[in-house]
Amino acid sequence: MILVLPIILPLLFMVVLIFTRRWLAFQQGFSIFASIMLTFVSFLILIDVQQNGILAIQPGSWDAPYGITLVADLFSAIMMTTTSFVGIIVMIYSPGFIDKERQTAGYYPLVYGLLMGVNGAFITGDLFNLYVWYEVMLTSSFVLIALGGSAEQLRGSIKYVTINFVASIFFVSAIGILYGQVGTLNMADLAAKMRTWDEPMYINSALMLFFIAFSVKSALVPFFFWLPASYHTPPMAITALFAGTLTKVGVYTMFRFYSLFVVFDQQFWTIFILTLAGLTMFIGVLMAASQFDIRKILSFHIISQVGYMIMGLGIFTATGIAGAIFFTVHNMLSKTNTFLAGGLVYQQSGSYDLKYLGGLYKAKPFLALLFFIPAMSLAGIPPLPGFFGKFFLIKGGFEAQQYFITAVAILTGLFTLFSMVKIWNEAYWKKEPEEVKERGKVHPSALIATSLLAAAVILMGIFAGPVIDICLQAGEQIVNPEMYINAVLKR
Amino acid sequence: MESIILQIAARHMRPLLIGLSLIVLYRGHNEPGGGFIGGLMFGAAYILYAMAFGVVKTQKSIFFNPINLTALGLLIALISGLPAIMLGDIFMTGEWYTFFQGTMMELKLGTPLIFDVGVYFAVAGMLMLVMFSIMEE
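So the protein lines, in turn, are chains H and B.
Each residue of the first sequence is one higher than the one before, starting from 1 at the first, in the numbering used here.
Each residue of the second sequence is one higher than the one before, starting from 1001 at the first, in the numbering used here.
Isolated chain H (complex conformation) (with noise of 0.2 Å):
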């Protein structure tokens, strides 16, 4: 029965900030009450999962090839849990940084829309189900990103939109194939017919179809110019909200259907997949390294770090898919709190061009270290979990004997450490220049729930142990698909 709650609750959230929305106080604390009491239920979830094995539910009791299935394994809860912690920190960020006319024009129920269609798709087991969920997802997205009507919005808003859009139109023509030749939409009786198909012509055009949908939504190789031409466009806070869950969807989808439906050509995916991982990763950190707006290298750095968890995915060993769960839950942490510490960065000196900043190390030690500790967590450096995710994704890359990407990976990972230092030299190391823009000053309740973050990061640095033990279950469990669809389909 909790497993629906990760669905409800935040719709039961949005429809109370609804009719609430004229109070801004109210607004503001409710809406942090409420992305905790998310957060706990998606642990509860992931306690019980980890425990009890897959749990599934059929709501409406109609039963599993029919009605809707909605199941959770420990790469689902593991996401839930830190998509909503996620959320925990973008509330309390949000009252400091986003203006008065945003928060009271919808931004809160907005959010809880937007993480109503992230667990969804997290947890459902349905595949047209999932494209709704996309769709709750995205068009919560849609208007967040334009929320306020600023030009620049505008203008990001609509290559947004329209990329989304035509990455929606191959998801369905994809779900429209599969279920024409196979006559089902439930994911585990899918993946279960499929295995015994004999004409994996059809499967195939439909799964490459798939990919592209996903390989746009999560910003891979030839998709990914609308991130960095949209991401930086709205206040800070909603790009962190975003860079934080958005393209982690496309990354757990993608997860999700290799081990389920890939069961023809696993070669041909094998190479197709660690190709595309080394390009994007590769090409992701190198025009990161040519930019000089703050938000525009985190944004190429989110493109690169998606190549990291798609590698997992294309060495497909339970080392492998961990490392990469392990990456994604690092990720999602370190790469918000980097956009975070840089929207202070904001508040502070007024501007994200890296050639108007400077001495901020000198003026405010504190900032300098809540962007530090992620930044060096993105580059691997040891302590700190970036580098146990690394370590995990090159150690299953030696042991599937794939040199080459895992060659290009740790390339990769000096080019991120460059374009690190670089923000660290140019905003914090190096002399503030002559024409500084005007000082602002930074709000306590942003100040706050960086720091909180970046307490995250650090504390998962130092149980790394424990969590890379879920994530080695979690992996089991990818990679062993008849788990999956023996829970779903109670066998």
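Footprint (simulated), chain B over chain H, 3 or more residues, beta carbon under 8 Å: (1) 4-17; (2) 59-66.
Derived Cβ-Cβ restraints for the label pairs, each shown as a range: (3) B/L1109 x H/N486: 37 to 47 Å; (4) H/F264 x B/D1089: 34 to 44 Å; (5) H/N486 x B/L1016: 54 to 64 Å; (6) B/L1006 x H/Y202: 47 to 57 Å; (7) B/L1006 x H/R22: 30 to 40 Å.
Simulated from the structure, these hints should not be mistaken for laboratory data.
Just so we're clear, the structure is a prediction, and the values are computed from it rather than from any experiment.
Think of the CB as a built atom: it goes at the ideal place given N, C-alpha and C, for glycine as much as any other residue.
Position chain B relative to chain H; hints supplied.
For chain B alone, kept in the frame of chain H given last:
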């Protein structure tokens, strides 16, 4: 545009359309119709009114805010899943009850109808919200 014919038509069509939308809503479970179409008809009644009298006057003539109507609809749809939990079934299971059993007036009502009412309000509210803001331009 002020057209006396349109205004009179709109004034009389509004209650008619709302009544029809309720019928469509009720018969929706087993026959063509349902909350979505009913909600569209309900919204259409007010859009017609707004075309005849203008958005401002229409907004004054309704006692609710379309956003609140949508939120209310979502809430009702959510609540319709709860009786199943109280009766020990899984969330959203359809629970039916027959009133006046055995008489001519036999009436079968259940939680799917409550869900449809929620959809009805949500769709109507959303349609009015979108159309009013487009027509205001």
